[in-house]
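Trainee: Okay, here's what each chain looks like letter by letter:
2 protein chains.
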Amino acid sequence: MTRSLILNAFLMTTGHHESSWRLPESDTGAGTDIRHYQRLAQLAEQAKFDAVFFADSPVLQAPPAQRPAGALDPVTLLAALATATEKIGLIATASTSYNEPYNLARKFASLDAISNGRSGWNVVTTAGDAAARNFSRNAQPDSSQRYARAEEFLKVTERLWDSWEDDARVGDKDSGVWAAPTRIHRIDHQGEHFQVAGPLNVPRSPQGRPVIIQAGASEAGKGFAARWAEAIFTAHQSLASAQDFYRELKARAAEVGRNSQEVKILPGIVPILGSTQTEAQRLADELDALILPQYALQNLAQVLHVDPAELDLDRVLPQGLGQLVPAEKSTSRRDLVLGLGYERNLTVRQIIRELGPGRGHQTLVGTPEQAADHIEQWFTQGAADGFNIMAPVLPSGLEYFVEHVVPILRQRGLFREDYEDSTLRGHYGLPVPRNHFARERAHQEQVA
Amino acid sequence: MTRSLILNAFLMTTGHHESSWRLPESDTGAGTDIRHYQRLAQLAEQAKFDAVFFADSPVLQAPPAQRPAGALDPVTLLAALATATEKIGLIATASTSYNEPYNLARKFASLDAISNGRSGWNVVTTAGDAAARNFSRNAQPDSSQRYARAEEFLKVTERLWDSWEDDARVGDKDSGVWAAPTRIHRIDHQGEHFQVAGPLNVPRSPQGRPVIIQAGASEAGKGFAARWAEAIFTAHQSLASAQDFYRELKARAAEVGRNSQEVKILPGIVPILGSTQTEAQRLADELDALILPQYALQNLAQVLHVDPAELDLDRVLPQGLGQLVPAEKSTSRRDLVLGLGYERNLTVRQIIRELGPGRGHQTLVGTPEQAADHIEQWFTQGAADGFNIMAPVLPSGLEYFVEHVVPILRQRGLFREDYEDSTLRGHYGLPVPRNHFARERAHQEQVA
Numbered sequence: 080m081t082r083s084l085i086l087n088a089f090l091m092t093t094g095h096h097e098s099s100w101r102l103p104e105s106d107t108g109a110g111t112d113i114r115h116y117q118r119l120a121q122l123a124e125q126a127k128f129d130a131v132f133f134a135d136s137p138v139l140q141a142p143p144a145q146r147p148a149g150a151l152d153p154v155t156l157l158a159a160l161a162t163a164t165e166k167i168g169l170i171a172t173a174s175t176s177y178n179e180p181y182n183l184a185r186k187f188a189s190l191d192a193i194s195n196g197r198s199g200w201n202v203v204t205t206a207g208d209a210a211a212r213n214f215s216r217n218a219q220p221d222s223s224q225r226y227a228r229a230e231e232f233l234k235v236t237e238r239l240w241d242s243w244e245d246d247a248r249v250g251d252k253d254s255g256v257w258a259a260p261t262r263i264h265r266i267d268h269q270g271e272h273f274q275v276a277g278p279l280n281v282p283r284s285p286q287g288r289p290v291i292i293q294a295g296a297s298e299a300g301k302g303f304a305a306r307w308a309e310a311i312f313t314a315h316q317s318l319a320s321a322q323d324f325y326r327e328l329k330a331r332a333a334e335v336g337r338n339s340q341e342v343k344i345l346p347g348i349v350p351i352l353g354s355t356q357t358e359a360q361r362l363a364d365e366l367d368a369l370i371l372p373q374y375a376l377q378n379l380a381q382v383l384h385v386d387p388a389e390l391d392l393d394r395v396l397p398q399g400l401g402q403l404v405p406a407e408k409s410t411s412r413r414d415l416v417l418g419l420g421y422e423r424n425l426t427v428r429q430i431i432r433e434l435g436p437g438r439g440h441q442t443l444v445g446t447p448e449q450a451a452d453h454i455e456q457w458f459t460q461g462a463a464d465g466f467n468i469m470a471p472v473l474p475s476g477l478e479y480f481v482e483h484v485v486p487i488l489r490q491r492g493l494f495r496e497d498y499e500d501s502t503l504r505g506h507y508g509l510p511v512p513r514n515h516f517a518r519e520r521a522h523q524e525q526v527a
Numbered sequence: 080m081t082r083s084l085i086l087n088a089f090l091m092t093t094g095h096h097e098s099s100w101r102l103p104e105s106d107t108g109a110g111t112d113i114r115h116y117q118r119l120a121q122l123a124e125q126a127k128f129d130a131v132f133f134a135d136s137p138v139l140q141a142p143p144a145q146r147p148a149g150a151l152d153p154v155t156l157l158a159a160l161a162t163a164t165e166k167i168g169l170i171a172t173a174s175t176s177y178n179e180p181y182n183l184a185r186k187f188a189s190l191d192a193i194s195n196g197r198s199g200w201n202v203v204t205t206a207g208d209a210a211a212r213n214f215s216r217n218a219q220p221d222s223s224q225r226y227a228r229a230e231e232f233l234k235v236t237e238r239l240w241d242s243w244e245d246d247a248r249v250g251d252k253d254s255g256v257w258a259a260p261t262r263i264h265r266i267d268h269q270g271e272h273f274q275v276a277g278p279l280n281v282p283r284s285p286q287g288r289p290v291i292i293q294a295g296a297s298e299a300g301k302g303f304a305a306r307w308a309e310a311i312f313t314a315h316q317s318l319a320s321a322q323d324f325y326r327e328l329k330a331r332a333a334e335v336g337r338n339s340q341e342v343k344i345l346p347g348i349v350p351i352l353g354s355t356q357t358e359a360q361r362l363a364d365e366l367d368a369l370i371l372p373q374y375a376l377q378n379l380a381q382v383l384h385v386d387p388a389e390l391d392l393d394r395v396l397p398q399g400l401g402q403l404v405p406a407e408k409s410t411s412r413r414d415l416v417l418g419l420g421y422e423r424n425l426t427v428r429q430i431i432r433e434l435g436p437g438r439g440h441q442t443l444v445g446t447p448e449q450a451a452d453h454i455e456q457w458f459t460q461g462a463a464d465g466f467n468i469m470a471p472v473l474p475s476g477l478e479y480f481v482e483h484v485v486p487i488l489r490q491r492g493l494f495r496e497d498y499e500d501s502t503l504r505g506h507y508g509l510p511v512p513r514n515h516f517a518r519e520r521a522h523q524e525q526v527a
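Chains as they are written, first to last, in the numbering used here: chain W, 80 to 527; chain G, 80 to 527.
For the record, the hints were derived by calculation from the structure and aren't laboratory data. Do not rely on the hints blindly, as some may be mistaken.
Chain copies aren't distinguished; within one or between two, either way the pair holds.
As a list, the in silico DMTMM-like pairs of lysine to aspartate or glutamate whose alpha-carbon atoms are at most 20 Å apart [to be verified]:
no., residue 1, residue 2
1, Lys127, Glu478
2, Lys252, Asp106
3, Lys127, Asp106
4, Lys252, Asp364
5, Lys252, Asp112
6, Lys301, Glu482
7, Lys127, Glu519
8, Lys252, Glu365
9, Lys301, Asp367
10, Lys301, Glu455
11, Lys252, Asp323
12, Lys252, Glu104
13, Lys166, Asp414
14, Lys301, Glu341
15, Lys127, Glu433
16, Lys252, Asp367
17, Lys343, Asp393
This structure is a prediction, so every number in the text was calculated from the model and none was measured.
Excised from the complex, chain W in its bound form (with noise of 0.2 Å):
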């Protein structure tokens, strides 16, 4: 079996350059409306692509003023899309630290079933005190409490989630035996930080269980998703740096005991695209034009977690900013930024346009030709299975990857020519889990 690139069209509002509102062409009002999503997912579709994919946190990014705001529950919003397309997986994050483990299951469940399996779960902790503050809490939860509440929601959840039997549902109408009740289990769970009886009130998912993500990139994170991740996104601005963090993520699964192939590796990649280089410089130039300096300089003090008076959009970082690390704060985009400033001696507006819209995630300005190469190039040379596409204007961004890249990728072999699946594992190329309680009673039966 030859091994297929995996394709995610990950959504934001009217595209992920914060400028991308500006454009003629966007719609100021993209982000509460459903035809404007139901658009992009049949547009990915009708490309083949694996998923959709929304990111998500339970609080509204300050400041508003600047840039499109605001967000759907990605579930709820992925629900309706369900039903506008037939086979492209849909992929909704969503946080341990401010769910249930039984709603969550269950949202997600709800998900799967009206999709046919087609859903997958982007697990977050949720960085930042600000969301902390809409859940009667004053600050966040460190980050071990953090990810010891994640580890065990994960373990709720995958057991909730097999507490149905395949076969569990009978539906005898001759003796009026609905479901087998020996085949429908409670959890029993009692944890440190839950407590849970099941049996979830969703029968068990076409695909087994939600496809598992993440992205936490710090050390916490990485032994998350070697655990439990069945797929992780990431951010690499160089080939070197995505390699390396391949190798070390598929060792670490390797580690706890499960087959690395079972864990895809999936970088985000923003392509500013037009048919030379001149035009894709000439998009990218329009959009950078429309960033407003002194917004951008905020959303970097948010980055450095420092005063925005304390920066100069003409002059270099002042020093010493490494030390001033807040316990607890997210610390990898804040590297990638003194990095920059110390490394390169960029200014705060070089810095700026040096991030790109991609917020830690790879930019390319160029061709169809350049951005297909370089997705082979990190495929074939041990830096991903495929990409989240981060369209930065939508949907034209993404129409426009569909159009010139898409084939150029069929071209050469890597990318499918029409789906061999429906649900997002089939997609992915991972297998349907066995059932926990099923392998349980199989067991017990053997025994006895």
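Given the structure of chain W, go ahead and fit chain G onto it with the hints provided.
Mentor: Chain G in isolation, oriented as in the chain W frame:
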């Protein structure tokens, strides 16, 4: 303006009769089949019903063996139905005891955005220890605690839904101002049960806020309904009982300063219909004959909070059950059963038969004319502003009602010929609520 009858289609897998799934026509997997629910929602919309409605509890009702069990998360399900319909309202039950206000406000706001203002929330506090055990509790909070939390939950939710003013999104591409920060508000709620900073990360709904519905029949439930509910779901077996309830709730709403016309009273009815009384009775008998008596006895024992061994199908109820009321159990259905047993001296088997499929709601066995007469009488004699139609078998029971009863209601000028609005508030004749924050701001500007 003439008063307009409200009709909701209360949907439940293969129907409200516990034996409906055993009929040859029924699909035993209907509960997780999105096409089944799409068909039902479209059918109700073609008939210009006000809304479809799903009951819910975050627990697998035991025993699951003898009847379709499990249910998709109703907001997720309704999101999928939103895109298969255009006008009909979408009402989901959700619990204030086992959700966080930020998450739930967001789910309903998302459904409201996706459906263009058609969502309603049936607020429940979720009685029962079984549900509590899915949420890290050994037992349910007592009723007064549950209602105190619900009260605060509603306050928070309403503020979150108002946290964006209607004109918050400016979308000025030239200046780069996407939203006016002065029109997006933190709520800074500091209460006994919740501390929620806000703002919500979803803009205000096209209908202002989702419609609030409530169905508690206890004293605490009625008080809550009088303060918060814009529609009240209720169960009555007689015109007099329904009239008493109608008068009481309208009066209590007026007492707390509300316009009693903005509180819609909606009893449930189970129409078992045929072109003649004999034909209708034949369907009722067919369904009743499929009831498994021992299973019905178990359910009755649950209602009475007694051991099933204490009941005998062919004997009257043992004496003294009225004293056996565990604190904090729901008692309205129990009282109904005790009335049948002690006042009318029926055997357990007769009680089961007499209760019918409606679980306390009125069952009508008869012709379309008789059903229309009943509806007209209750509607015109101060017992109802409309009804939850609980078809005993789905889809056929709803099809029959739509085809044979709705035309009679139209001939009598009771029910709409077509939608005049496209939001649930519009269908129900409820005003769009003023935004708290906009009102406060307008007031301050006036004072200044």
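Trainee: It remains to establish, for every hint, whether it holds in the given structure.
Mentor: Do the hints match the structure? See the list:
Taking identical chains as interchangeable, the C-alpha atoms of lysine 127 and glutamate 478 lie at most 20 Å apart only when both belong to the same chain, with a minimum of 13 Å there against 38 Å between chains. Taking identical chains as interchangeable, the C-alpha atoms of lysine 252 and aspartate 106 lie at most 20 Å apart only when they sit on different chains, with a minimum of 10 Å there against 53 Å within one chain. In the homo-oligomer, the alpha carbons of lysine 127 and aspartate 106 never lie at most 20 Å apart, since the shortest distance is 26 Å inside one protomer and 32 Å across protomers. In the homo-oligomer, the alpha carbons of lysine 252 and aspartate 364 lie at most 20 Å apart only across protomers (17 Å), although the nearest pairing inside one protomer, at 67 Å, exceeds that limit.
Taking the shortest alpha-carbon separations for lysine 252 and aspartate 112, only the inter-copy value of 18 Å comes in at or below 20 Å, while the best intra-copy value is 44 Å. For the homomeric pair lysine 301 and glutamate 482, neither the shortest alpha-carbon distance inside one copy (35 Å) nor that between copies (59 Å) is at most 20 Å. For the identical chains of this complex, lysine 127 and glutamate 519 are neighbours neither inside a copy (38 Å) nor across copies (51 Å), given an alpha-carbon limit of 20 Å. Taking identical chains as interchangeable, the C-alpha atoms of lysine 252 and glutamate 365 lie at most 20 Å apart only when they sit on different chains, with a minimum of 14 Å there against 66 Å within one chain.
In this assembly of identical chains, the alpha carbons of lysine 301 and aspartate 367 never lie at most 20 Å apart, being 33 Å within a copy and 58 Å across copies at closest. In this assembly of identical chains, the alpha carbons of lysine 301 and glutamate 455 never lie at most 20 Å apart, being 25 Å within a copy and 65 Å across copies at closest. In the homo-oligomer, the alpha carbons of lysine 252 and aspartate 323 never lie at most 20 Å apart, since the shortest distance is 58 Å inside one protomer and 41 Å across protomers. Taking the shortest Cα distances, lysine 252 and glutamate 104 sit within 20 Å of each other only across copies (11 Å), while inside one copy they are farther apart (57 Å).
Taking identical chains as interchangeable, the C-alpha atoms of lysine 166 and aspartate 414 are never at most 20 Å apart, the minima being 39 Å within one chain and 51 Å between chains. Taking CA atoms no more than 20 Å apart as the test, lysine 301 paired with glutamate 341 passes inside one copy only; the shortest distance there is 15 Å, against 54 Å between copies. Neither within a single protomer nor between protomers do lysine 127 and glutamate 433 lie at most 20 Å apart by alpha-carbon distance, with minima of 32 Å and 56 Å respectively. For the homomeric pair lysine 252 and aspartate 367, the shortest alpha-carbon distance between copies (14 Å) is at most 20 Å, but the shortest distance inside one copy (65 Å) is not.
In the homo-oligomer, the alpha carbons of lysine 343 and aspartate 393 never lie at most 20 Å apart, since the shortest distance is 41 Å inside one protomer and 63 Å across protomers.
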